[in-house]
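Trainee: Spelled out, the chains give:
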Amino acid sequence: MEAEKLLVMQNIQKSFNDVQVLKSVDLDINVGEVHALMGENGAGKSTLIKILTGVYPKDGGKIIYLGKEREINSRKDAANLGIGVIYQDFSLIPTLSVVQNIMLGKEKNKFGFLESKKMEQHVINLIKEYGFDINPHAIVETLSIAKRQTVEILKALCEESSLIIMDEPTASLSAKESESLFEIINRLRDKGVSILYISHRLEEVFRLADRLTVLRDGRKEAVVEKGEINPPDVIRLMIGKQLSEATASNALKKSTNEVVLKLENLCKKGLFNNVSFEVHKGEILGIGGLVGAGRTEVLRCIYGADPYDSGNIVFEGEPLPNVVNKTIQKGFGLIPEDRRNQGFVPLLSIEKNIVLTNFDKTSKNGVMNAKKEKKLGQEAVKDLDIRPNNPLIPVGNLSGGNQQKAVLGKWLCRDLKVLLIDEPTAGIDIGAKDEIYKIIENLAKDGVAVILVSSDLQELLRVSTRIVVMRKGKVFKEFASGRITQEDILMAASGIQEKEA
Amino acid sequence: MVKRENKKKLNANFQKPLILLIVIIILTILQPSVFLTIDNFKGIMLSISIYGIMVCGTIFPILLGGIDLSVGATAAVSGACVVLTIIRFNYSTTGVILGILVGLAVGVGTGVIHGMIVANFKVPAFLITLATQNIIYGIAQLLTNNQVISCMKPKLFTFLGGGRLLGVPFSIYILIIIVITSYFVLNHTRLGRNIYAVGGNSEASDLSGINSKKIQLIAYAISGFTAALAGIVLASMNQQAIAKAAQGYENDVLTAIVVGGTSLMGGEGSLLGAVWGALLVGMIGNGLRLMGIPSTYHGVVKGIVIIIAVSADAYTRYKNSGLSKGKSTKRFARRANVENN
Amino acid sequence: MRQEKIRRLVSIALLLVLVIVFGTTSEYFFTTTNILTLLRECSVVGIISVGVSFIIITAGIDLSTGAIVGFTAMICANLLYYTNMPAQMIIVIALLIGTLAGYLNGILVTKLRLPDFIATLSTQFLFRGLALICAIRTSGVITNKVIDNRGILVMGGSISGLYLVTIVFIIVAVLGQIILKKTQLGVYTYATGANRKSAELSGIDTDKVKRSVFTITGFCCGIAAIFLMAKLGSVTPDTGTGLEFEVIAAVVVGGCAFSGGRGDIFGSVIGALFMAILSNGILKYNLPTATQLIVKGSVIVIMVVFDSLYNGYMEKKIREKSKELEELSGGEA
Chain H
0 MEAEKLLVMQ NIQKSFNDVQ VLKSVDLDIN VGEVHALMGE NGAGKSTLIK
50 ILTGVYPKDG GKIIYLGKER EINSRKDAAN LGIGVIYQDF SLIPTLSVVQ
100 NIMLGKEKNK FGFLESKKME QHVINLIKEY GFDINPHAIV ETLSIAKRQT
150 VEILKALCEE SSLIIMDEPT ASLSAKESES LFEIINRLRD KGVSILYISH
200 RLEEVFRLAD RLTVLRDGRK EAVVEKGEIN PPDVIRLMIG KQLSEATASN
250 ALKKSTNEVV LKLENLCKKG LFNNVSFEVH KGEILGIGGL VGAGRTEVLR
300 CIYGADPYDS GNIVFEGEPL PNVVNKTIQK GFGLIPEDRR NQGFVPLLSI
350 EKNIVLTNFD KTSKNGVMNA KKEKKLGQEA VKDLDIRPNN PLIPVGNLSG
400 GNQQKAVLGK WLCRDLKVLL IDEPTAGIDI GAKDEIYKII ENLAKDGVAV
450 ILVSSDLQEL LRVSTRIVVM RKGKVFKEFA SGRITQEDIL MAASGIQEKE
500 A
Chain V
0 MVKRENKKKL NANFQKPLIL LIVIIILTIL QPSVFLTIDN FKGIMLSISI
50 YGIMVCGTIF PILLGGIDLS VGATAAVSGA CVVLTIIRFN YSTTGVILGI
100 LVGLAVGVGT GVIHGMIVAN FKVPAFLITL ATQNIIYGIA QLLTNNQVIS
150 CMKPKLFTFL GGGRLLGVPF SIYILIIIVI TSYFVLNHTR LGRNIYAVGG
200 NSEASDLSGI NSKKIQLIAY AISGFTAALA GIVLASMNQQ AIAKAAQGYE
250 NDVLTAIVVG GTSLMGGEGS LLGAVWGALL VGMIGNGLRL MGIPSTYHGV
300 VKGIVIIIAV SADAYTRYKN SGLSKGKSTK RFARRANVEN N
Chain X
0 MRQEKIRRLV SIALLLVLVI VFGTTSEYFF TTTNILTLLR ECSVVGIISV
50 GVSFIIITAG IDLSTGAIVG FTAMICANLL YYTNMPAQMI IVIALLIGTL
100 AGYLNGILVT KLRLPDFIAT LSTQFLFRGL ALICAIRTSG VITNKVIDNR
150 GILVMGGSIS GLYLVTIVFI IVAVLGQIIL KKTQLGVYTY ATGANRKSAE
200 LSGIDTDKVK RSVFTITGFC CGIAAIFLMA KLGSVTPDTG TGLEFEVIAA
250 VVVGGCAFSG GRGDIFGSVI GALFMAILSN GILKYNLPTA TQLIVKGSVI
300 VIMVVFDSLY NGYMEKKIRE KSKELEELSG GEA
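Protein chains in written order, with numbering that gives the first Met the number 0: chain H, 0 to 500; chain V, 0 to 340; chain X, 0 to 332.
Calculated from the structure, these hints are not laboratory results. Among the clues, some could well be false.
Said to hold, decoys possible - Covered by chain V, according to a simulated footprint, are these stretches of chain X (three or more residues, beta-carbon under 8 Å):
hint, segment
1, 110–117
2, 128–135
3, 280–292
4, 302–315
Claimed, not checked - If you want the ones that stay clear, here's a sample from chain X, every Cβ over 12 Å from chain H, calculated:
hint, residue
5, Gln87
6, Ile178
7, Val186
8, Asp237
This structure is a prediction, so every number in the text was calculated from the model and none was measured. Heads up, the beta-carbon is just placed ideally off N, CA and C, and yes, glycines get one too.
With the hints as extra help, turn the sequences into a complete structure.
Mentor: Quick look at the structure:
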C-alpha cells in the first residue's frame, strides 16, 4: 500500500519583509502520481514552487528527494535533481527549432561541433517514446501555444526529470488542446513520471490528480485521495469552514438607482464573448472568476485602453467612445491590475503622479500652476493618509499599500462617475487593505459607480453590493440579492452548479 | 530612511558645484596666468554656447529613453540653408529672416520624421538617428557642394554669433534664453510633466490619458529645433557654411548630458545637470588646450569620460537592483525576485 | 522557417534588382574585371560584417568596428616604420590587437553593464583618438604612413585575378556560418538574442556569449585592417572611418533583425555585395560622393523599418492562425 515517495517537503517556512507567507507547509509526492496543489490566491502555492525550484531560499524545513535530504539553491540544482518546470510564460527561444530548444544548454559536441544528427535522433526517440505529435524541425515561433507547451514538456523530459511541475498549464489552451494535454499527462504518469499540478480549475484536478494537497493561509490544510472527497468539499477546505460561515458573507442588494453604465453583448475574439451587465449609481459591482476568465480585458475595453470587436458600451444613455482620453473626460478612472508597470511612474513624486490625470485642473494653456499642484498633492496625502506624508517622495519608494493609495489619488480629486478597479489589494498588507476598502466604499456613497475585479473572495464579499461571476470569457452567474458565501462564488467560478453541491 | 534620502539628495546637490570648483582650482593652479582670466572664460562660454544650445533640446528625447545622434548634421544643414538663402536674397534683411525660418523649419522637420519613425515602428532611436545623421550630412554636402560658402554680411546675420551686447557675445544671450526656456518647459509645463512621465513609464502614462506617441514626436522636434538654432548661430559665428561645421558635436552633447546625470534609460535627469555637464566638459577641453595637449587627445578623453559616466549610472542601478553577483542562472532567479516584489 | 526564407528572398531580390539595373545600363558591369573589383570592394566590409552579424543576432550593436580597423592599421604602420618586423609578425599582431579591442567592448558591455551602443560609441572615440595619437611623429606633424613592406603589400594582390582579400572573405564567411549553425556558440548566439531570459533559464551564460561575439568581431576587424592597409598602401588617422556604418547597412540588408535572434552570415554576404554594387554604381554614374551617405543612410532606415513591420506582421499572422485553430476546435463546450 505504502507507495514510494519521490519528494517530501516538511515544515517549509518562508517570510518576505517580516510577513510570513509560508508558516508550515508539508508536501509529499509519490513516484508516478499526479499530485494537485490547491489553494486560494495568496495561500502560498507559488512561493512553495519557487522554493522547490531554487528561485527563493527557504527559511526553514526540509526537502527530501529520493530518500536524501537536499539543498536546492538554484534552478540548476533543481534540474540536476530531476525537477522540471513548465513555465506559464514559456521559456522557449522563438527563432530556434524544436530540437535546438529541447537540447538548449545540453548540446552534444564532438571536436567542438554540434552532433546535430545525434541530438535529432535523441529528440525523435523521446517524441516516439512518449507518443507526442510534433515536428522536431519546426521553428518554435510557428507553433501554436499548445504545441509550444509540448516542447516545454519534452524539454523537461530530456533533462530526465522525474518530477514535472505544471503551473496553470491550461490557462491559455482551448478545450481541445487541454484534452490532448491531459492525454500527455496520463501518458507521463504511465511512464512513471510524477506531476505536480497546480490549477484553480476543479474539474481538471478531479479528472487528473491522484491526490490533492490543499493549502490555506501558508499552511497545509489537508492531503486527500481523490476518491475520498468531492469538489464542494475541496472548496470548503480552501476557504476554511469556520471563516466562511462567520464573517465572510455579506448581504447583497441590487441598487435601485439609475443605470450609469450598460454593456451589451460585448465581444472580443479569443478573450471574452457576449458580456452584458449594468452598473448603477453608487453601487459596487464585484466581478469574480478565475484568472484568465476575461475580467481584466473587459475592464480595459470599457476604459478605452483596448478596442473590442462587437457589442455596445452605453454610458448615461450614449455610446461610450473607445479612447482613454475621452473616457477620462467623461468621468472614468482605472486602477490597473499591474500596479508597478501600469499604475504609476516610479521615479516621479506622489504629487507629480497625481497631476498626471489632472492637467485640466493644474495647468492653464500648458503652463503648470505650482500652487494648485502642491495643493492637490497635499490633499491627496492627507485625505488618503499616505505615509510618509510627504507628497515629494517618489512613488517607487513607497510600500505597496501606499503606492496603491497614490494611484487612487490620481482619480479621487476628479469628478468621477465610474471607477474601474482591478485587483486593488494584491500584495498589500492587511492594514492598508482596510483603508483602501474604506476609500472605495466612501466613493460609492458619493454616487460613483464602482466595478471591482478581484480574485480575493473575502475582498469581493466584503466590498461588493452585487456580484457577477465570469467564467471562460462569459458572464456565468449573477448574485444580486440575499446572502452569499465564498463557496458560492468559487463554485460558480469553477462551473459547478448548485445542484451538485 | 526618508531622512537619509534627503541627505543623499543634499549631497548630490552639493556634489556638482563642488566638482566644478575643484576642476577650476586645479586648472588655475596648473595655468595660473591664463585660465582664470575673463577672456578665457568668455572663450569657454563661447565654445559651450553652440553645443549648450543643443543640450537644451537633445535632453528631451534622452529623457524619454531615446537619443538623437543627428544633431551635428542637422546643425550643419540648417546653417547651410541660412547662408544659401541669404546669398540668394542678395544679403537682404528679408533673406536673413527667411533663411533663419527655413533653417529652423528644416530642423523641426527632421525631428518630426525621427519622432514618427521611433514612435510608430518600435525601432532603436540611436540606429535611426545615426542613419539619418549620414543622410543629413550627405544633404549638407550636396547643398554646399562640399565647399566653404562664406557669408560675411549683412550685419543682422553676423551679429547672431559674432556680435557683442554690453561686451558679452550675443550667442551667450541666446544660450541663456534657450536654457531658461528649456528649464521652464521641463519643469513648469504640462509638456515637461508628460516627458518625465512617458520616460519613466510609458504604459502608465498612456493609461493616465497621455498620448505617448505625440510626446515622442514633440521631443524629437524640439531636439531638431535646437540643433538647427545652434547651426545658425555657428554659421553666423564662423561667417560661413560648411558641411563639416558641427561634425562630432553630437558626441559633446551626449557627453554633457550623460555627465550631467541624465539616465539613458529615460525618466531621470535635469536640465541644470546637463548644463553643468556642458560647463564641465567645456572647461576640461579648454584646460587640455591651455596645457598644450593637442586636440588629437580629446577624442580619447571624451570616450573615457562617457564610459565612466554611463557605467557609474548603469552600475549603481545594477547594484541597487541586487543583481550584481553570481552566475547567470542565479542572477535570473534574483531578477525574477526583484521584479516580483 | 518560412518567415526566414521569405526574408532571405527579399535580400536576394534587392541584390538582383541592383544587378539588373546596373547590368542593363552599363556595358562595363558584367566584365570580368568589374566583377572581380566588385568582389574586392565588398570583401573588407564583408569580413567585418561576419563578426557584426553575430553581435546583431544577440540583439547588440557595434559602432566601433571602423575605429578598431583604423587603430589596428595605425599601430601596424608604426611598427613597420620603426622596426624591421617581418610581415608574418605584423599580421599576428594585427589580429591580436583587433581581438583585444573587441574583447574590451565585450567587457564594457558585460562587466560595466553599458548599453551596447554607448559602449561601442565611446570606444569609437577612444580608438579613433588613439589612432590619431599614434599618427603623430616626434615633430608633432600628422603624416600618412606609407606601407612599403612587401610582405604586407602582397596581401593586396590576387591569384589568377581573384583578389586574396576575396578568398579570405569567403573563408571567413564559411567559417562564420559553420560556427553559427554547427557549434554550441552559434545556438547560444541565437538564444541570447531571441530571448535572453529563457537562455539564462536554460543555463546559458549569456554574458560569456556576448563577450565571445564582440571578440569575434574584433578578430574580424584585425583581418580587415591588414587587407585595408595592403590595398591602400598607406594609413591615415582617418583610415576606416564610416566603415562601421557600411557594415551595419550590409548586415541589416542581409536580414539580421535588430530585435535579435534572426539572420545569418549568408544573408550578410548578400548584404555586403549589395552595398558594394550600390557604391560602385554611384561612382559609375558620376554622382557626388555625398549621394553615397544619403543612400546608405536611407538603406538602413528603410530596412530597419521594414524588418520591424515585417516581423510584427508575421507575429500577428501566427497569432491569428492559432486563434483560428482554437475556434475550429470549438473553444468551450
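Trainee: Would the least Cβ to Cβ distance between Gln87/X and chain H come out above 12 Å?
Mentor: 26 Å, holds
Trainee: Are at least 3 residues of the segment 280–292 of chain X within less than 8 Å of chain V when you compare beta carbons?
Mentor: holds (count 6)
Trainee: Verify this for me: three or more residues of the segment 128–135 of chain X with a beta carbon less than 8 Å from a beta carbon of chain V.
Mentor: The restraint on the segment 128–135 of chain X holds, since 6 of its residues have a Cβ under 8 Å from chain V and three suffice.
Trainee: Report holds if the minimum CB distance from Asp237/X to chain H is greater than 12 Å, and violated otherwise.
Mentor: 38 Å, holds
Trainee: Does Ile178/X sit more than 12 Å from chain H, CB to CB?
Mentor: 9 Å, violated
Trainee: Under a C-beta cut-off of less than 8 Å, do 3 or more residues of the segment 110–117 of chain X approach chain V closely enough to confirm the stated coverage?
Mentor: This one holds; 6 residues, not fewer than the three required, reach chain V with a Cβ under 8 Å.
Trainee: Compute the least Cβ-Cβ separation between Val186/X and chain H, then decide whether it is above 12 Å.
Mentor: 6 Å, violated
Trainee: Has the segment 302–315 of chain X got at least three residues whose CB is nearer than 8 Å to a CB belonging to chain V?
Mentor: holds (count 5)
Checked against the numbered hints given earlier, the structure breaks hints 6, 7 and satisfies all the rest.
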